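Chains A and B, in that order, give the protein sequences. Quick note, the first sequence lines up with residues 3 to 243 if you use my numbering. Quick note, the second sequence lines up with residues 3 to 243 if you use my numbering.
Don't read these hints as lab results, they were simulated from the structure. Every value quoted in this text rests on a predicted model; they were computed, and no experiment measured them. Heads up, some of the hints might be wrong.
When chains are identical, the list treats them as one kind, so a pair holds in a single copy or across two.
Computed cross-link-like contacts, SDA-like style, restricted to lysine to any residue with a CA-CA straight-line distance of at most 25 Å [as the list claims (entries may be wrong)]:
(1) K191 - D127
(2) K184 - T194
(3) K220 - A205
(4) K220 - C131
(5) K191 - Q176
(6) K220 - D123
(7) K184 - D156
(8) K184 - R30
(9) K184 - G200
Number of protein chains: 2
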Amino acid sequence: MTTGHLSILGMGPGDPELMTLKAARLLRASPVVAWFCRHDRPGHAREIAGDLVSPTATTLRFAYPFTTEIPVSDPAYLVRMARFYDDCAGRIATCLRDGQDVVLLCEGDPFLFGSAMYVFDRLHDRFPCTIVPGITAMAGCWSVAQAPMVHGDDVLCVIPGTLDAASLTTRLEQADAAVIMKLGRNLEKIRTALRQTGREERAIYVERATQPQQRCMKLTEMQGPAPYFSIILVPGREDAR
Amino acid sequence: MTTGHLSILGMGPGDPELMTLKAARLLRASPVVAWFCRHDRPGHAREIAGDLVSPTATTLRFAYPFTTEIPVSDPAYLVRMARFYDDCAGRIATCLRDGQDVVLLCEGDPFLFGSAMYVFDRLHDRFPCTIVPGITAMAGCWSVAQAPMVHGDDVLCVIPGTLDAASLTTRLEQADAAVIMKLGRNLEKIRTALRQTGREERAIYVERATQPQQRCMKLTEMQGPAPYFSIILVPGREDAR
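One chain only, chain A, in its complex shape:
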């Protein structure tokens, strides 16, 4: 018997219409549909998939064992996450060995800060895999903000807000345009780095882009906490027109 095929599908930033035709086709036809989620949520990727999931499909819901309860710096974090990804990969492998095709749904793009990379790393040597790229959260954000990001020779840096203050400042100094991800409790540190590099006035804050509850404003007008999945955009040089 031939083994099944694993397709890792980028589902885009939130609006189900920002799925690709290819992701929609593979999703509709798949006998097994898997995704990651918080233990207390249905899962953002699953919500985007909506009723494209076949009613007869087997579903594999991979609930993270923890989110912020264990800090990333704790050695236990890596050990327990590795065990979790081993288990997810094992459950997918069981279906593939049985000859069933599997799709794994990912928010945004699978290979840009996606959990699917850990499953891919564990399975791609043994099973045929296809990666279907998705619209990234950042592209959703700059489209909603109507902010052209990079012209000509601009350099774009995508920077996790989890970096320390000095690293944030250095990276921002090197970038013509920047996207800062993973805001959450890092927001004030990021504001300071933007101010120090003369970028605060240009910065745009975008939350839940392309979704019904989306918010978009100048960072200087934004108050209150930022959810982890919000983004700050710093567009590049003004264009030469």
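Using the hints, position chain B against chain A.
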């Protein structure tokens, strides 16, 4: 009479199935379809659109007045390109004032190094605009290469190969993961910068990703010239699994 609506559609990296459901819907319904192209080519964005363009649609083909005949550093370049974009925007504005909706097709994503930004800059104050994000060329490349790009706290830099050698080296030193665009005649300079920063062995060369003629190999195994629209990927740190 109400004016028409301008939708700027990201068409993705080449495979027509990597268009979004939203771009396909707006494209099919649009009475006017515009795109940029080289004077001697049908236009890559137009080729991706294929038969989704209505047979009754008015088509606006915007052929660049030159490509490499005038160097970017020549002041005449900016003047003549500005005049060209003025003309494109004017032709779109005529349709919009007549109450016709217009779609402008873009390879990749409209706001990441796209010519559509120059049209948007000229029209968005006067006409309602929607930006539909697209799968970027770089996401097409790393999906084809099956190369997970960024994990955890990695910083990703998108670098035009047109930068001078010293700037290329500095930017590569700052990046955990890098995407180098606009290769063409810059290839040897880029190879040198990658070697100096210890990244040449990890670098992956991808040409025409997601298209039938796609090529993907280690950069060290790649010989001969690189077309302008090829990309080098330097994946980030090995993951922690």
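Contradicted hints - numbers only: Failing hints, ascending: 1 and 8.
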